[in-house]
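Use the sequences and the hints to build the structure in full.
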Amino acid sequence: GAVVSQHPSWVICKSGTSVKIECRSLDFQATTMFWYRQFPKQSLMLMATSNEGSKATYEQGVEKDKFLINHASLTLSTLTVTSAHPEDSSFYICSASGGGDSGANVLTFGAGSRLTVL
Amino acid sequence: GENVEQHPSTLSVQEGDSAVIKCTYSDSASNYFPWYKQELGKGPQLIIDIRSNVGEKKDQRIAVTLNKTAKHFSLHITETQPEDSAVYFCAASMRGGADGLTFGKGTHLIIQP
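Going down the list, the sequences are from chains A and B. In this text, residue positions in the first sequence follow this note's numbering: the first is 1, and each later residue adds one. In this text, residue positions in the second sequence follow this note's numbering: the first is 1001, and each later residue adds one.
Fair warning: there could be bad hints in the mix.
Claimed, not checked - List time: in silico DSBU-like cross-link candidates among lysine-lysine, alpha-carbon distance up to 35 Å:
#1 A:K64 with B:K1037
#2 A:K41 with B:K1022
#3 A:K55 with B:K1042
#4 B:K1022 with B:K1037
#5 A:K64 with A:K20
#6 B:K1068 with A:K66
#7 A:K64 with B:K1042
#8 A:K14 with B:K1042
#9 A:K64 with B:K1057
#10 B:K1042 with A:K41
#11 B:K1068 with A:K41
#12 A:K14 with B:K1105
#13 A:K66 with B:K1105
#14 A:K20 with B:K1068
#15 A:K14 with A:K66
As the list claims (entries may be wrong) - So the derived label-pair ranges between C-beta atoms look like this:
#16 B:S1026 with A:H7: 22 to 28 Å
#17 A:S15 with B:T1069: 26 to 32 Å
#18 A:K14 with B:E1015: 24 to 30 Å
#19 A:K14 with B:P1008: 37 to 43 Å
#20 B:D1027 with A:G53: 28 to 34 Å
#21 B:T1078 with A:K14: 48 to 54 Å
#22 A:G53 with B:P1113: 50 to 56 Å
Derived from the structure by calculation, the hints contain no laboratory data. Idealized CB from N, CA, C, for every residue including glycine.
Now the structure itself:
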């Protein structure tokens, strides 16, 4: 089945530093990748949609200069949290579409990245 | 935009019993309804999905039903096992697939031995 690899699975950083999270589709080409944020015991909040080779589309209220998204290839998207602060601490999850049977447009999630900003 | 309501927020059932989680959606144009299972500290995993041209779909102990008229869909898990304990999310999309999914708030399913 379709696999999406997300790295790192957890990261701790100091306030003011930047953190990069990678999302890779391992056995399929993902034309579209999505980035979500999830607070404890909450649902997934879509942050942005990224298409290979074009600028990401951010959801309302998400700072694009704070959360930089790059989708340089059909198998890789990165999320960089710039100048991280404690309030950015969260569980970030990526997903990719295109990995279903016969190329069906289903969504496959990565395992998530837990960010803790001290 | 689409609004997805999910109930209950927590569901506790005895091992071996059935569990049912229900979702309603607001936009009649929605045509794709996946269900995801999320275990603690992990990303959600697709467990079953249904499209609007089908009323029911089954995969072993898991089934999903869709009532387009009432705009609701349900997840049914039979013969529950401890490993079914997790948070389950329903979602709806108007674009026939992964794009534009709106998620419910999740149901914490607890299987009691």
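Check each numbered hint from earlier against the structure, then list the numbers of those it violates in ascending order.
Numbers 6, 9, 14, 16, 17, 18, in rising order.
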